[in-house]
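Make a model of the complete structure from these sequences and hints.
Number of protein chains: 4
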Amino acid sequence: MREHVIEQLRRRGVTLKDVGELVYTLQNQYHRDLTVENCTHAVHDILAKREVQFAFLTGIAIDVLAEEEGFPQPLQEIVRSDNPLYGVDEVLALGITNIYGSIGFTNFGFLDRQKPGVLGRLNKEEKEKGRCHTFLDDLLAGLAAAAAARLAHARADAAESMDNGKPKVSQDGTGPLAGVS
Amino acid sequence: MREHVIEQLRRRGVTLKDVGELVYTLQNQYHRDLTVENCTHAVHDILAKREVQFAFLTGIAIDVLAEEEGFPQPLQEIVRSDNPLYGVDEVLALGITNIYGSIGFTNFGFLDRQKPGVLGRLNKEEKEKGRCHTFLDDLLAGLAAAAAARLAHARADAAESMDNGKPKVSQDGTGPLAGVS
Amino acid sequence: MREHVIEQLRRRGVTLKDVGELVYTLQNQYHRDLTVENCTHAVHDILAKREVQFAFLTGIAIDVLAEEEGFPQPLQEIVRSDNPLYGVDEVLALGITNIYGSIGFTNFGFLDRQKPGVLGRLNKEEKEKGRCHTFLDDLLAGLAAAAAARLAHARADAAESMDNGKPKVSQDGTGPLAGVS
Amino acid sequence: MREHVIEQLRRRGVTLKDVGELVYTLQNQYHRDLTVENCTHAVHDILAKREVQFAFLTGIAIDVLAEEEGFPQPLQEIVRSDNPLYGVDEVLALGITNIYGSIGFTNFGFLDRQKPGVLGRLNKEEKEKGRCHTFLDDLLAGLAAAAAARLAHARADAAESMDNGKPKVSQDGTGPLAGVS
Chain F
1 MREHVIEQLR RRGVTLKDVG ELVYTLQNQY HRDLTVENCT HAVHDILAKR
51 EVQFAFLTGI AIDVLAEEEG FPQPLQEIVR SDNPLYGVDE VLALGITNIY
101 GSIGFTNFGF LDRQKPGVLG RLNKEEKEKG RCHTFLDDLL AGLAAAAAAR
151 LAHARADAAE SMDNGKPKVS QDGTGPLAGV S
Chain B
1001 MREHVIEQLR RRGVTLKDVG ELVYTLQNQY HRDLTVENCT HAVHDILAKR
1051 EVQFAFLTGI AIDVLAEEEG FPQPLQEIVR SDNPLYGVDE VLALGITNIY
1101 GSIGFTNFGF LDRQKPGVLG RLNKEEKEKG RCHTFLDDLL AGLAAAAAAR
1151 LAHARADAAE SMDNGKPKVS QDGTGPLAGV S
Chain D
2001 MREHVIEQLR RRGVTLKDVG ELVYTLQNQY HRDLTVENCT HAVHDILAKR
2051 EVQFAFLTGI AIDVLAEEEG FPQPLQEIVR SDNPLYGVDE VLALGITNIY
2101 GSIGFTNFGF LDRQKPGVLG RLNKEEKEKG RCHTFLDDLL AGLAAAAAAR
2151 LAHARADAAE SMDNGKPKVS QDGTGPLAGV S
Chain R
3001 MREHVIEQLR RRGVTLKDVG ELVYTLQNQY HRDLTVENCT HAVHDILAKR
3051 EVQFAFLTGI AIDVLAEEEG FPQPLQEIVR SDNPLYGVDE VLALGITNIY
3101 GSIGFTNFGF LDRQKPGVLG RLNKEEKEKG RCHTFLDDLL AGLAAAAAAR
3151 LAHARADAAE SMDNGKPKVS QDGTGPLAGV S
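Protein chains in written order, with our numbering: chain F, 1 to 181; chain B, 1001 to 1181; chain D, 2001 to 2181; chain R, 3001 to 3181.
Since the hints were derived computationally from the structure, they do not count as laboratory data.
Note that the structure is predicted; figures quoted are calculated from it, not measured.
Some clues are possibly wrong.
[Claimed, not checked] Under the rule of at most 25 Å between Cα atoms (straight-line distance), these lysine-lysine pairs were calculated in the BS3-like manner:
id	chain 1	residue 1	chain 2	residue 2
1	R	K3115	R	K3127
2	R	K3017	R	K3129
3	B	K1115	R	K3049
4	F	K115	D	K2129
5	D	K2129	D	K2115
6	R	K3049	R	K3127
[Unchecked claim] The following residues of chain R were derived to be distant from chain F, with all beta-carbon distances above 12 Å:
id	residue
7	H3031
8	Q3073
9	E3077
10	T3097
11	A3152
Every residue, glycine too, gets a C-beta built ideally from N, C-alpha and C.
Here it is in C-alpha cells:
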C-alpha cells in the first residue's frame, strides 16, 4: 500500500524528497548532522502507517474529483477554491500529525502558513494551472510535521540510550534508530 | 446553507428528529424535564455552524460517490466496506464533536459503538440494501454528542444564572437559552 | 468566572489587549478595517466559554506549581524546563483552538513557532527571570488562533447576510455580530 | 521512564493487567485467540511512548495534588469533584488514544461511559473513599483504546503478510508482531 501512495504522490507531482526538504527546513537548526536524506527516510517510515496512507488516498481522491467537477454544488466550489473557512483538509492533516504526538502541531501550522518548498509550488499550480491541491498541501505539511516529531523523539531516545550505555533503539523499542545520523 | 444540509440529510433518510432522539437517549437521565423536541432544537442550532455544515456536505458526498463506484481502488473498496481500520470518518466526526468541547467525546464513542436508533437503522441499510453510510453514521453520532454537550453547558449556565439572580443567558452570552425547558 | 480568568492572566503579566495584538498580527492582512480593539473584543468573547476558562485555570495552576517546585520528579523538571517533547501544553491549547473549528490550527502553529508580541516576552521571562510559562504561552497562542477563526467566520457571515439583504447575525445565529467593524 | 509510570500506576492501585482486561473486553469478540496476556502485552508496549508517559505523569500528579487540596479555588473544587463539564481530562486522554489513529475514539467513549472493570472500581473509590481519579480513569480508558487499536492494526498486518506469503511484521515495519497470538 505504501508504494501505491508514493505512486499517487508522484502523479500529483510530489516526491518524498520534496517532503524530506520540508522536514529539513523545520529541523536542521536543532540537529547538527541532519541531512535531507535522513529526513526523507523518516518520511518514508511514516508512510508505512495505515492511518497515514488512508488519509492520503482520501485527500488526493477528493482533489482529483474536484478537478474533474465531480462534486455537487456548493461543495464543488468550496473544495475547488480552497475556501479558507473549509477546515476538513486541516482535520485530515491533523490525523497524520497526531501520530507522533502533539509536538507536531506547531510545525504543521508553521508550514501551512509559510508554505516553503513544495507547498509554495503546489499553491502556485493552483493559481496558475488550475490544479486543485486543497487537501494535498495540508496532508504534506502534516506528514512533514510528523516526520520532524519522529526525528525529535528518536534523537532524544538516542541521547537517553547513550546515557545508559545501551545500544540505540527507536522510541517504540522495536528496531534500529531510523533516519538519524 | 443549513437548509441545504437538512435537505441532504433527508435524501439520505435522516431527519433532525432522528438525531434529537439520539441526544435524548444520551441526556434524559441527567435532565429531568428534557424532551425530544428540546434535543431536536439543539441539533438544529448546531447545524448553523459552518464547520459542521462542511463536514456533512463532505461526508455525504463521499458516501454517495462510494455508492456510485466513483473512487479509484483500493479506496473505493475501503470506503464502501466501511473498513474498521479506516479512521477518516471518525476524524471528520470529531471535528463536529469538538465544537462544544471535549466533553462530547465520551458520548460520541458510546453512540458509535452501541448504534441506537437511526444509527442502527443506517447500519442495517448498509448490510441489507447495499447503501453506503460510512461517513454519515459517524457524523450523526458526532452531531448528537455535540448537541448533548451544548445542552449540558446550557443547563449549567442556567443554574449559575439562577444562583446569581440574573436572567438566563446562553453560554456564549449572546442570546436566550436554547433547547432547554 | 471570566473575570477570574482575566485576573489570573493579569497576575501572570498578560492583558487581553496583548492577545488582541496577536490576533491583529494574524488577521490584519485579510480584514481591511480591523483594529486591535475589535480583536481584543473577540478574545473577550471567547473567554466566555467554560472549556476555555477551564483550560486556562488548569494551565496557569500548573505553571505556578512548577515555579514553586510543587511537582514530583521527573515531571517537575520536564514542565519547568518546557521540554520540547512534552506535548501536554499543546494538547490543552488545541482544545481551545478547536472551538471555532480546525481553521485555527494553522495560526496556532505559526504563533507558537514565531512567538511574536507577548509570546516572545513570556519566553524571555522564562530564560531571564526564572518564570515558568510552559502552558501559558501555548494557551495564549490557542486563544489568539481561536479569536482569529471567530473573526474570519463572522466576516463571512456578514458577507453572506449582505448578499441576502438580511440583517447581520453572528455565526451561531443567536446575537449581533461581535468584534467586527 | 516506563518503569516509573508503572510504579506510579501501582501506587494509585492499578496494574497493567487491569488495563489489559479492559482491552480484552473491547476486542475479544473480534480476535478469536486473544488472551488477557496478549492485551496486557500491548498495553506495556504503548507505555514505551514518551507522549503517553508524559500524559500519565501529568494526570496522576494533578489527581494527587487535588487530593492534597493543592490547587487554588475554583479549580480545586472542579477537579476534586470531577465536574462533568471539565474536559481537560478527556483532552489529555485523547492525546493517548490518537497514537494509533482515530479508530480508538469509539472505544475510548464506550469505556468512559460504561466504566467496566478497573474504571468502575476507581469510580467507586472516588465516591466511597474520597480518592480523586479525575484524570486517571480517562487516561486508562485512552490507554486501553489505543492498545485495542494497536491490536486491530497488528491483526490486519498479519493477515496482509500471510496473503503475501511474507513473514509477519508489525505495522511500522520495524519488528516482530507484538501482543497477538
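Hint by hint, work out which the structure violates, then give me just those numbers in ascending order.
3, 4, 6, 10, 11
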